[in-house]
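These protein sequences, in sequence, are chains A and B. Every letter in the first sequence is one number past the one before it in numbering that gives the first Met the number 0, and letter 64, counting from 1, is 63. Every letter in the second sequence is one number past the one before it in numbering that gives the first Met the number 0, and letter 37, counting from 1, is 36.
I should point out that these hints are in silico values taken from the structure, not numbers from a laboratory. Take the hints with a grain of salt, since some may be wrong.
Which copy is meant is left open, so a pair is good if it fits within one copy or across any two.
Derived lysine to any residue pairs resembling SDA-like cross-links, with alpha carbons at most 20 Å apart [said to hold, decoys possible]:
| id | residue 1 | residue 2 |
| --- | --- | --- |
| 1 | 105 | 80 |
| 2 | 105 | 78 |
| 3 | 63 | 24 |
| 4 | 105 | 45 |
| 5 | 105 | 44 |
| 6 | 54 | 10 |
| 7 | 54 | 107 |
| 8 | 105 | 9 |
2 protein chains.
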Amino acid sequence: MSRTPLHPTREQIELPIVLDCLSDPIRLAIVYQLARQERFSSELRCGDFSGLSRKSNLAYHFAKLRECGVMQMRVAGTNRFLRLRREDLAARFPGLLDAVINSAAKDADRLQLLSGCVRSTRTEA
Amino acid sequence: MSRTPLHPTREQIELPIVLDCLSDPIRLAIVYQLARQERFSSELRCGDFSGLSRKSNLAYHFAKLRECGVMQMRVAGTNRFLRLRREDLAARFPGLLDAVINSAAKDADRLQLLSGCVRSTRTEA
């Protein structure tokens with residue numbers, strides 16, 4: 000079984016909402032860790048972020064990132080797979096995602112971006 | 000007489016706070032108009048933005064932009080002069096300010112960035 004929760008279309012992605020969404024340190028950490036793992040795999044599982052915060056809190060942040068168009072969530076059975084919507088963001092706001100990720104990387108310690116760092120690179124569904 | 004309100008030092012500028020500050024459409028419009036006028040003058044006066052919103056509302060947004068480190072405010076007599084803190088932002092978060100401004104420019108109509116557009120380019124104190 001596969002079902003996909005609601006995502007905005009590319010055209011529905013709005014700059015103020017994206018900036019607001021990325022202004023939360025835990026959501027910045029999720030985006031940073033997704034970007035950091037892209038060289039190994041395009042997707043990560045929700046469970047891979049369990050070191051960042053409580054499960055219910057993470058579910059809230061995943062939903063915010065999905066609803067603002069930064070992240071794609073794919074449901075397969077009991078797993079939820081996450082990836083950045085790079086192409087859509089690049090089309091709407093060229094250079095923005097990398098500028099935010101690189102800015103966050105400069106402050107990785109200060110922002111505690113690697114607390115509960117993702118160790119898994121599994122993508123099997 | 001000249002007095003300068005409190006500004007964060009370069010090192011005190013924090014990414015989540017900057018992103019949160021820029022997630023407001025009126026503040027995006029202020030930043031966009033400041034950037035747009037940079038070729039004519041480095042500073043604009045608070046009164047130049049009177050088409051954007053009410054005076055008290057603008058004062059609130061100017062304070063937010065100053066306190067997060069995006070904008071420098073200089074007081075001279077009864078005038079307040081505003082400019083972007085380009086060097087400080089470029090040092091802390093390379094590429095971020097331009098990525099946000101260029102992204103906003105793409106959606107200038109949708110975000111109503113040019114409502115009450117600045118016409119003045121005066122900088123005399």
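Do the hints match the structure? See the list:
For the homomeric pair residue 105 and residue 80, neither the shortest alpha-carbon distance inside one copy (27 Å) nor that between copies (31 Å) is at most 20 Å. Taking the closest pair of Cα atoms, residue 105 and residue 78 never come within 20 Å of each other, the shortest separation being 32 Å inside a single copy and 36 Å across copies. With identical chains, the CA atoms of residue 63 and residue 24 are at most 20 Å apart both within one copy (13 Å) and between copies (19 Å). In this homomeric assembly, residue 105 and residue 45 never come within 20 Å of each other (Cα to Cα): the closest approach is 25 Å inside a single copy and 33 Å across copies.
For the identical chains of this complex, residue 105 and residue 44 are neighbours neither inside a copy (25 Å) nor across copies (33 Å), given an alpha-carbon limit of 20 Å. In this homomeric assembly, residue 54 and residue 10 never come within 20 Å of each other (Cα to Cα): the closest approach is 31 Å inside a single copy and 33 Å across copies. For a Cα distance limit of 20 Å, the shortest separation of residue 54 from residue 107 qualifies neither inside one copy, at 22 Å, nor across copies, at 38 Å. In the homo-oligomer, the alpha carbons of residue 105 and residue 9 lie at most 20 Å apart only across protomers (14 Å), although the nearest pairing inside one protomer, at 29 Å, exceeds that limit.
Violated hints, listed in ascending order, are 1, 2, 4, 5, 6 and 7; each of the other numbered hints is respected by the structure.
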